[in-house]
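**Q** Sequence:
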Amino acid sequence: MEICILGAGFQGRVIAQDLTDDNYRITVIDNNQKHLQRIKEGKKIKTKRFDVSEKRDFIDFLKNFDLIVGALPAKLGFYAMRCAVEAGVDIIDISYAEEDPFVLDILAKKRKVRVVPDAGFAPGLSNILVGEAWREFGKIENLRIRVGGIPQNPVPPFNYRYTWSPDDLIAEYTRPARIIRNYREVKVEALSGIEIFTLPEIGKLECFYTDGLRTLLKTLRGVKNMEEKTIRYPGHALLMKKLLKTGFLPDEPNPFTNQKVKPKGFILDFLKAELSRGDELDLTILLIEVEGKGRRRRYKIIDYYDKRKRISSMARLTGYTAAIIARRIKNYSGFGIIPPEYLGREKDFSDFIKSELKRRGVVIKKKDWA
1 MEICILGAGF QGRVIAQDLT DDNYRITVID NNQKHLQRIK EGKKIKTKRF
51 DVSEKRDFID FLKNFDLIVG ALPAKLGFYA MRCAVEAGVD IIDISYAEED
101 PFVLDILAKK RKVRVVPDAG FAPGLSNILV GEAWREFGKI ENLRIRVGGI
151 PQNPVPPFNY RYTWSPDDLI AEYTRPARII RNYREVKVEA LSGIEIFTLP
201 EIGKLECFYT DGLRTLLKTL RGVKNMEEKT IRYPGHALLM KKLLKTGFLP
251 DEPNPFTNQK VKPKGFILDF LKAELSRGDE LDLTILLIEV EGKGRRRRYK
301 IIDYYDKRKR ISSMARLTGY TAAIIARRIK NYSGFGIIPP EYLGREKDFS
351 DFIKSELKRR GVVIKKKDWA
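Residue numbers are given in full-length UniProt numbering: position 257 of the sequence shown equals residue 257, and the series is strictly consecutive.
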C-alpha cells in the first residue's frame with residue numbers, strides 16, 4: 001500500500017517510522033526541508049518537498065496514493081481532508097482543525113472515501129475509549145475527560161514545554177470550549193473552570209476547559225453532562241489567561257514606530273523560545289470517567305517519554321494511534337466521516353487498537369463499578 005504522510009513534524013515523523021515496520025511504501029511531504037532532513041530515507045520511506053497550497057497540483061499528487069495521513073498544522077487540516085476527498089483517497093487526520101469535518105460527509109460518501117478526523121491522542125484515542133464504553137454500556141449519561149501532556153521536569157514560569165504546534169496551542173487556549181450541561185450544548189471560555197487535583201504518581205495538577213469534545217458533541221446523543229478539561233501544572237492557566245488578556249495576540253498589525261507589527265507573530269516567537277526551555281522528557285495523562293445505565297467506568301493512562309527511541313510521550317500516543325488506525329481503516333465497511341468513537345463502537349477495531357498500543361508499551365487501565 002502506498003501511503004503519503006502530510007507533514008514531517010513531531011507527529012509525522014513518528015507515524016512514518018511506525019508504518020515502515022510493515023510492508024508499506026511511505027512518502028513524507030513537507031514544505032520545510034529541515035523537517036524532511038530529520039527523516040531517514042530508505043527502501044520503504046521517501047521524502048519530498050512539496051507546497052500543498054496549490055490545490056489542483058496537491059489533489060493530483062494525492063491521487064498517487066492509497067491512503068493519506070494528515071499531520072499538518074490545524075489551519076491546514078480541513079483543507080487537506082477536503083483535497084483528499086476530492087482526490088478520492090482515504091485520509092486519517094490528526095490536525096486540530098477548527099472546521100466541522102461533517103461538512104465533507106456527503107461528498108466523501110459519494111466518492112466512497114473514508115475520512116477519520118481527530119485521529120490522534122485526545123481527540124482520538126480518548127474518543128475510541130468513549131466509543132467502547134458506549135457500546136458496552138448501551139448509553140452514556142455523564143462523561144468527563146481530563147487530558148494533557150506536561151514536562152516531567154517543569155521550568156517556571158509556564159511549567160510547560162510544547163510538543164506540538166505553538167500556534168495550535170494558542171488556538172486551543174483561545175477557542176471557546178463547547179460542553180454539554182443538562183442535555184444542552186453551551187460554550188464556556190477556554191482556560192476557565194480551573195480545578196486542582198492530585199495524582200499519586202505525579203502530584204498536584206490543575207485542569208481547565210478546552211474545546212476537546214469536538215465530534216462527540218454530534219455523535220453522542222442523549223448525554224446529560226459532557227466536558228473535557230486540559231491538564232497542566234498549577235498556575236499555568238492563570239498565567240496564560242493574563243498573557244492572552246493583555247491583547248498581545250491579535251492577528252491585526254499594529255503601528256509601531258514607522259512600521260506595522262503583528263503582535264501575535266512577535267509573541268509567538270517569544271513563546272516558542274520560552275516553551276522550549278528544559279529537557280525533552282514529557283509525560284501524558286488521560287483520565288476518562290463514564291456513567292451510564294447504573295454503571296461507572298474509569299480509563300486511566302499515564303505514559304512517559306521513550307528514552308530508548310527518543311520519542312516524546314505525546315508523539316507516541318498521537319502518532320501511534322494514527323498509524324494503528326491507518327493499518328486497519330481499509331477494513332471499515334462504511335464511507336464518509338468516521339470519527340474515532342465510531343471505531344470504538346466496533347469491537348474488532350477497538351480491540352486491535354488497544355492491543356497494538358499495548359505492544360508499543362502504552363498501558364490503558366480500566367476500572368468498572370456500579
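Heads up, a few of these hints could be off.
[To be verified] Okay, derived cross-link-like pairs now, DSSO-like style, lysine-lysine, Cα gap no bigger than 30 Å in a straight line:
| hint | residue 1 | residue 2 |
| --- | --- | --- |
| 1 | Lys48 | Lys34 |
| 2 | Lys48 | Lys309 |
| 3 | Lys187 | Lys48 |
| 4 | Lys272 | Lys187 |
| 5 | Lys46 | Lys300 |
| 6 | Lys46 | Lys293 |
| 7 | Lys309 | Lys224 |
| 8 | Lys293 | Lys330 |
| 9 | Lys46 | Lys224 |
| 10 | Lys63 | Lys330 |
| 11 | Lys300 | Lys354 |
Since the hints were made in silico from the structure, they are not lab data.
**Q** Just pull the numbers of the violated hints for me, sorted ascending.
**A** 3, 5, 6, 7, 8 and 9
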